[in-house]
Every structure is written in C-alpha cells, then in structure tokens.
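Undergrad: Take the given structure of chain A and dock chain B to it, following the hints.
Residue numbers (my numbering), protein chains in the order written: chain A, 10 to 461; chain B, 5 to 367.
Mixed in with the good hints, there may be bad ones.
In silico EDC-like cross-links for lysine to aspartate or glutamate, where the CA-CA straight-line distance does not exceed 20 Å [unchecked claim]:
hint	chain 1	residue 1	chain 2	residue 2
1	B	Lys362	A	Glu420
2	A	Lys215	A	Glu77
3	B	Lys362	A	Asp401
4	A	Lys396	B	Glu113
5	A	Lys409	B	Glu183
6	A	Lys442	B	Glu113
Ranges between beta-carbon positions, derived for each pair [claimed, not checked]:
hint	chain 1	residue 1	chain 2	residue 2	range
7	B	Phe153	A	Gly323	40 to 48 Å
8	B	Ile259	A	Gly323	54 to 62 Å
9	A	Pro370	B	Val152	43 to 51 Å
Far from chain B by the CB rule (all over 12 Å, computed), these chain A residues [stated by the list, open to error]:
hint	residue
10	Glu77
11	Gly341
12	Pro370
No lab work stands behind these hints: they were computed from the structure. Yeah, the Cβ is synthetic: ideal placement off N, Cα and C, and Gly gets one too.
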Amino acid sequence: MSNKIVLKRGLDIPVSGKAECRISKTVSPDVVAVCPADFKGFIPRLLVKEGDSVSCGSPVLADKKHPEILVASPVSGTVKEIVRGEKRKLLAVLVTPGEKQERLDFGVKSPESLDAGQIKAAILESGLWPFIIQRPYGILANPADTPKAVFVSAFDTAPLAASPEFTLGDRMADIQTGIDAMAKLTGGGVHIGLNAANYASTPFHKLENVVTHVFEGKHPAGNVGVQISHVCPVTKGSVIWTVSPLGLAAIGALFNTGTYNVRRKVAVCGPLAIEPAYADTLPGAPMSTLAGFIGNSEDARVVSGNILSGTTVGREGYLGFYDNTVTILKEGTEEELLGWMNPLRLKLFSNDMSYFSWLTPKKKYDMDTNLHGGPRAFVMSDRYYAKVLPMDIYPVYLLKACLAGDIDKMEQFGIYEVIPEDLAVCEFIDPSKNDIQQIIANGIRLMLKEME
Amino acid sequence: MKKFWTATKDAFATFLHVPGTVTRSGAHVRDSIDLKRIMIIVVIALVPAALFGMWNVGYQHQLAVGGGTAAHIWPNFWFGFLKVLPLFVVSYAVGLFIEFFSSGLRGEEVNEGYLVTGFLIPLIVPVTTPLWMLALAVAFAVIFGKEVFGGTGMNIWNPALLTRAFLFFSYPSAMSGSEVWIAKKAGETFADGFTGATPLALDGAAQYSNTVWSQFLGTIPGSVGETSIIAILLGACILLWTGIASWKVMCGSIIGALLVGGIGDLAGISTMPCWNQLLVGGFAFGTVFMATDPVTSAQTESGKWIYGLLIGILCITVRLFNPGYAEGMMLAILMGNTAAPLIDHCVVTSHIARRARKFNVTA
Numbered sequence: 010m011s012n013k014i015v016l017k018r019g020l021d022i023p024v025s026g027k028a029e030c031r032i033s034k035t036v037s038p039d040v041v042a043v044c045p046a047d048f049k050g051f052i053p054r055l056l057v058k059e060g061d062s063v064s065c066g067s068p069v070l071a072d073k074k075h076p077e078i079l080v081a082s083p084v085s086g087t088v089k090e091i092v093r094g095e096k097r098k099l100l101a102v103l104v105t106p107g108e109k110q111e112r113l114d115f116g117v118k119s120p121e122s123l124d125a126g127q128i129k130a131a132i133l134e135s136g137l138w139p140f141i142i143q144r145p146y147g148i149l150a151n152p153a154d155t156p157k158a159v160f161v162s163a164f165d166t167a168p169l170a171a172s173p174e175f176t177l178g179d180r181m182a183d184i185q186t187g188i189d190a191m192a193k194l195t196g197g198g199v200h201i202g203l204n205a206a207n208y209a210s211t212p213f214h215k216l217e218n219v220v221t222h223v224f225e226g227k228h229p230a231g232n233v234g235v236q237i238s239h240v241c242p243v244t245k246g247s248v249i250w251t252v253s254p255l256g257l258a259a260i261g262a263l264f265n266t267g268t269y270n271v272r273r274k275v276a277v278c279g280p281l282a283i284e285p286a287y288a289d290t291l292p293g294a295p296m297s298t299l300a301g302f303i304g305n306s307e308d309a310r311v312v313s314g315n316i317l318s319g320t321t322v323g324r325e326g327y328l329g330f331y332d333n334t335v336t337i338l339k340e341g342t343e344e345e346l347l348g349w350m351n352p353l354r355l356k357l358f359s360n361d362m363s364y365f366s367w368l369t370p371k372k373k374y375d376m377d378t379n380l381h382g383g384p385r386a387f388v389m390s391d392r393y394y395a396k397v398l399p400m401d402i403y404p405v406y407l408l409k410a411c412l413a414g415d416i417d418k419m420e421q422f423g424i425y426e427v428i429p430e431d432l433a434v435c436e437f438i439d440p441s442k443n444d445i446q447q448i449i450a451n452g453i454r455l456m457l458k459e460m461e
Numbered sequence: 005m006k007k008f009w010t011a012t013k014d015a016f017a018t019f020l021h022v023p024g025t026v027t028r029s030g031a032h033v034r035d036s037i038d039l040k041r042i043m044i045i046v047v048i049a050l051v052p053a054a055l056f057g058m059w060n061v062g063y064q065h066q067l068a069v070g071g072g073t074a075a076h077i078w079p080n081f082w083f084g085f086l087k088v089l090p091l092f093v094v095s096y097a098v099g100l101f102i103e104f105f106s107s108g109l110r111g112e113e114v115n116e117g118y119l120v121t122g123f124l125i126p127l128i129v130p131v132t133t134p135l136w137m138l139a140l141a142v143a144f145a146v147i148f149g150k151e152v153f154g155g156t157g158m159n160i161w162n163p164a165l166l167t168r169a170f171l172f173f174s175y176p177s178a179m180s181g182s183e184v185w186i187a188k189k190a191g192e193t194f195a196d197g198f199t200g201a202t203p204l205a206l207d208g209a210a211q212y213s214n215t216v217w218s219q220f221l222g223t224i225p226g227s228v229g230e231t232s233i234i235a236i237l238l239g240a241c242i243l244l245w246t247g248i249a250s251w252k253v254m255c256g257s258i259i260g261a262l263l264v265g266g267i268g269d270l271a272g273i274s275t276m277p278c279w280n281q282l283l284v285g286g287f288a289f290g291t292v293f294m295a296t297d298p299v300t301s302a303q304t305e306s307g308k309w310i311y312g313l314l315i316g317i318l319c320i321t322v323r324l325f326n327p328g329y330a331e332g333m334m335l336a337i338l339m340g341n342t343a344a345p346l347i348d349h350c351v352v353t354s355h356i357a358r359r360a361r362k363f364n365v366t367a
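Isolated chain A (complex conformation) (with noise of 0.2 Å):
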C-alpha cells in the first residue's frame, strides 16, 4: 500500500435515495442535445447546421481559441435544430438519432506504439479532448500545455454519488487503455487516488502505470482538486490535467475500439426519486427518459450532477457531459413557523452543534432546497468554514478576497487550487447563506480575464 493520506477535515452529508446497484432503465433517446455551456472555458463554433447528418464522434462545435478541440456528436443521426438563447447565445444543437446507428472509426491503436503527439491528435480528432481538464481553474486543458502530471480519484465522495465499482467495474480494460494514453502526455505520472475504506477491494487498485495515493476522509476527501493539494499543489504557471475514470474509459475505448463511446451507467437519485437505481444512457439524453424516476410530482427539481454541486435542468433539460448522477429533491417552498427557534427540528440535517443530528449519525435526511435562512455578511470565524475543507487555505480570505475581485490575495489564498465545487460543503453549512461557490466561480473568471 502505498502512502495514505488522513484527511480529518469534511462531511458526508446524509441525504436520502442512494440508487441500488441495478439497471433498472436503458434509454435510447429519442432526441440528443450537445450543450456548449457544460464545457468550462469552452468557446463554441458551430461546425453543422440544420438538417446535416452526422455520425457518433462526428464533430458538431469546436472552440474558437483552440479549434483543434472539438466537441462530438454521441449518436448519428441529423441535426434537428440549432437552439439559440439572448442574443444569439448557443445552447444547445439537437440531433435526432438515426434509425441505422453508425459510428464514426477512428482505428484501433496502442498508446505504447504512439509518441505525445499522436495520443494527442486521436483524442482530439475523436472530439474526447473536453474530458481532459485544467487546474488551476477547472476549464479545458490545451493541448499544447504538457502538465506536470496527471490525476484521477477513483471514488467520489459526494452525497449519493454514483458508485464507480459499479458503473466501471466492467470496463477496466479500456481504463487501463485510457491510463497508458495519458501517462504519454505527461512527465510526472498518472496518479489516482483511492478510497482507504475499499482500497483493497476495488478494481481500480489493479490498475497498472499508475501513482497510487490512499485517501480517507469525507467529503470531499473524493475531489480531484483535494488531491492534487495533498500530493502536488498547483502553483502560478504550473499545469496539472485531471480525467474523471468515465473520460478514462471513454478514451481507452478510443485507442482499444477505434470508436467514440460516451455511453454511461447514471445513478438516478435523491429523496424525491422513484425507486433510486441506474439508468444506461447517454449525455445530452432528455430527462424526460427518465420520467419514470421523476413522477409526476409538482415541485420536483431535477438536477443534472449531484446534490451539491450539479446543475439544474428541470424535466426538460438534458443530462450534462460530465454527469453520471441525476439528482431529483423536492422544492422546499414551505414557509415554517418560528423554525430556527425549534430546538428539536429533528427532521433537518445540521452539522451545527445547536440541532441534535449529532444523535443520529446513521440517520438519512430527504432534504429539500429550502435555503433555512437569509443571506447575510460573513459572521462566523474563518476556521467555521475551514472545519469541512480538507485543504491548506484559509477559506473565508480566499472568497473575501474574490468578493473584492483582489488578483493578488487571490493568489496568495489559493485561488489556483480550488475550483467551485471544493468548497461546495463550505457552502452548504454557512449560517449566512452565501453562494460560496458562485463567488469562487467569478473568482476564477476574473482570473482568466486579467490573464488573458
């Protein structure tokens, strides 16, 4: 076993609707939306229009900044419509797919047989390359950066995430494929890093090529970006590359099948689903094929990722290019009679010593989105926040810093290590309602402005 890492800091948040480990629904839409906006620092430009007919990896966007990054379609089929918000903004192309599934062949090759350059080209050329991600500010990596090295976590921590075990159990192979790629682009290794809790067990652990780091800890101990602080912080003008294992498999299954297979087990979760489980589909799948998880009920919200960090979409938005959970709570719209006086509330979750849910530590909670307060200034001393952030950052500074839109204390407080959803259980637990995670997105923003 190589080195494990404590991390002492952090919270499971105990919500209700784990999905059982069975397949319960495989979906083949009936529509397929490529959404630009799922893709950080991604410019699009539209390379079909409507009616065009395109193939499974066939490109549909590329970036204006790097237009060898490009963007697939993930069935073939035609191009139904080309949706565009205010002011012209693309949000989304719609393919309808085909009767005939084709696939686009890119080749079968071997990464060992290949040089940087050509790993580099097939990924591109196949449209995977948004699966590769930046730190510091979490956006597209460039392929003409060489990183100082490579990370993955092979497990997540977030509330109801979706267990990788189970979604990628079977696909080993083709991760090792995608590991091998990556180790090529990059002179400091591939590192993983594993839960302590099912180190032994897991398949992940098998995996050849690679730096294994142990991590135990709760949320988000299972965050990429935690990780990297722990092994090989980010620092100005150092690169690192993350893949999550599903951008892995897809990218081994580019090098092992010579095709561009984004299809994904995803955990369909949360209090208000229907019988929790996984669903077999695809990204830019409708969430109406998943209905029979939602229910009729009015006040659903449907979120495309997790709990924490995912993005709303409703029933008519579609499933984002980098979830495999789809979270489904209730809108807490409810007002509560003199609730923050209740000294029991024995039905609401707190971390806060003042509530009672320290009693009931096993206990699960069907949260809703109710935001229990007011938005206010920062009260609560720095070391309140820095209780469930397992990283060497002080973080009240570090968003005061944003807050103020100062570059420089940004800098010095971390701003290169940490992408939103770090600090996603900061936000959870602050009394004072602040948007942690808003004020940190606009913090990395203003930083790719003043570095441009």
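TA: Just chain B now, with coordinates in the frame of chain A:
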C-alpha cells in the same frame, strides 16, 4: 421611510417563519443552521447571567437599605426585574430601530446580530444608568460602531462594549463610584456606613460578604450580569458545546490574566492573588461573552490564542498599574478588537509565506 417599513416587515416575517426561499445557485440543499439560530443560542447562554443579575439587584438593594436576606428570592428578583427591564426595553427599542432603518437604507435583510448586542448591553452597565444616557450610548454604538462599517459582520468593535465605553467616558460619574451599582427606590437612603463599591474598588470594609465564595456565586455589587461566575460558566458551557465561542480565546484570556496577575503577585503590587482576579469585575463575563464575538475577535486559529492572551494581559495590567480605572476588561477587549485585524494579518502572512515555501519544494 418606505424602505424602513419593508425592512421592518421583512424582519418580523422572517422572525415568525423560516421563509420558503429556495436555493438558486450552488449547493441545492443547505444546512438548517442560520444566523438567527446562532444568535438565539448566545441569548440563551446569557439568560442565567441575566436572571441571576436581576435577583442580585434586589438582593444588593436589600443589603443597602438594611434588613434584607438572600432568602427572599422572589421579592428580590421582582425588584431587580422591574429595575432591569427598562434597560432591556431601551436597549432593544433604540438599537433595533436604527438597525431596521439602516438595513432598509442598504436594501438588505435585517441581521439578527442585534438580538445578542441588545441583550448584552443591559448586563454590562450599572443598574442605575439613566435611560436617556443609555439610549444615547446605544445610538452612538450602533451607528458609529456598526452601521457605518456596513452592519453586522463588518464591524471592528463589539457594539455592546462601545455602548459601555461611550457611557464610561461621557458620564463617568454615573458609571463608577460606590453608589451606582445599587438600585434605590425614590426617597430611600443607604444605611449608615454603607459602601456599595465593587470588590475591585473596595477600600475597607463592606456590608456584603466579600469572600471568594460570594464572588463565585455573585452576591456582590457590580454590573447587572457580570457578578455570578456560576451563571457565566453555565453560559460558557452552552457556547463552547455549540462551538459558537472559541475556547482558544477563553483560554488565552485566562492564561494572559494569570500571567500578569502572577507577575504582580511576585512583585508584591497586587491587592489580591492572581486567580482571584478572574472572579471579580467584568473579567469572566467579558472573556466568555464579549471577547469571543466571532465578528470582532481574531479570525484565524493561532490568532485567537494571541488575541485572547492580549486581552487577559491588558485587563490585569490596567487593573494593577492604572490608578484611575479599577476595571480593565472593557478597554482590554476594545483594544483586542482593534488589534485583531493586525494579528490576523500577521498569521495570514506567515501562512502565505509557508505556502510559498511548500510550493518551492514541490515545484
């Protein structure tokens, strides 16, 4: 004026109901803790001190006019209750009006921070404080101590202590001496040879028993809420259990006080042993309830130690070496508040330097 009513209406509505607001961005679920809850916990922690203080006002009055005994619990309490209640009413009425008004001006929701401040103020002033003075002091503290900085969370000094400081420097005769601590009814005079001086200012004999036990129990004259160590310890337990107050600040303050007190003992300049300093005056109340205010105390963990130590050291230094002021806690905490940003700056700068070194090693 319309803004004022909106803010007021909103404040009362959210006081009655947790609003049905839902999350718009970021985490879709949120913890059920909010600032109202945190503030009400602090108020609950203050209740023992307030109740005891009311009783003690009655008890001291009985002692002063002669013939009273501690056994008359209810009459003593009722007397004190009637004396202290107007202080609460004035403190809340003036403070909340300003708070609602300025929240309306800023277009923000009313922050519940004043729930605590308004409760603290009557407990740290002499019971005989004239109400108009108190009103003036509250207005000063809330406007210039808090609202000009942008409201709760932005202030540098503890507003309750600013109220006391305003009274102390503007109307010293109403805030010190040997008579202000004892409430009288109209026409009453003190018994012959009576002194109502607090143990800190005591110079000679007193009517009340000035033993360590009575100091611990709190049956001595003083500001309304500060006398009973037992009641304050009860509050401290609540604050420490819920984690609202920092044990580091409290410990730092006690260690700092013992340190300077100990030096005073060794040098032979103190009138009481250093541990006794912890029991008298506003030290315990200040350490537990005022120094630990999360907004005005140091933010960083090592900063909290330094901040606490500083307050303890300053408090006893003033008590020992300054002949003008018998009590040093108020000024010690205000100085501590002033120094807190500087302490944090030093801690954070060293953190940044340490991070930079770490990066140079790993890079």
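Undergrad: It remains to establish, for every hint, whether it holds in the given structure.
TA: Results of checking the hints against the structure:
no., hint, verdict
1, B:Lys362 - A:Glu420, "15 Å, holds"
2, A:Lys215 - A:Glu77, "34 Å, violated"
3, B:Lys362 - A:Asp401, "11 Å, holds"
4, A:Lys396 - B:Glu113, "27 Å, violated"
5, A:Lys409 - B:Glu183, "48 Å, violated"
6, A:Lys442 - B:Glu113, "12 Å, holds"
7, B:Phe153 - A:Gly323: 40 to 48 Å, "41 Å, holds"
8, B:Ile259 - A:Gly323: 54 to 62 Å, "57 Å, holds"
9, A:Pro370 - B:Val152: 43 to 51 Å, "45 Å, holds"
10, Glu77, "29 Å, holds"
11, Gly341, "6 Å, violated"
12, Pro370, "16 Å, holds"
In terms of the numbered hints stated before, the structure departs from hints 2, 4, 5 and 11, listed from lowest to highest.
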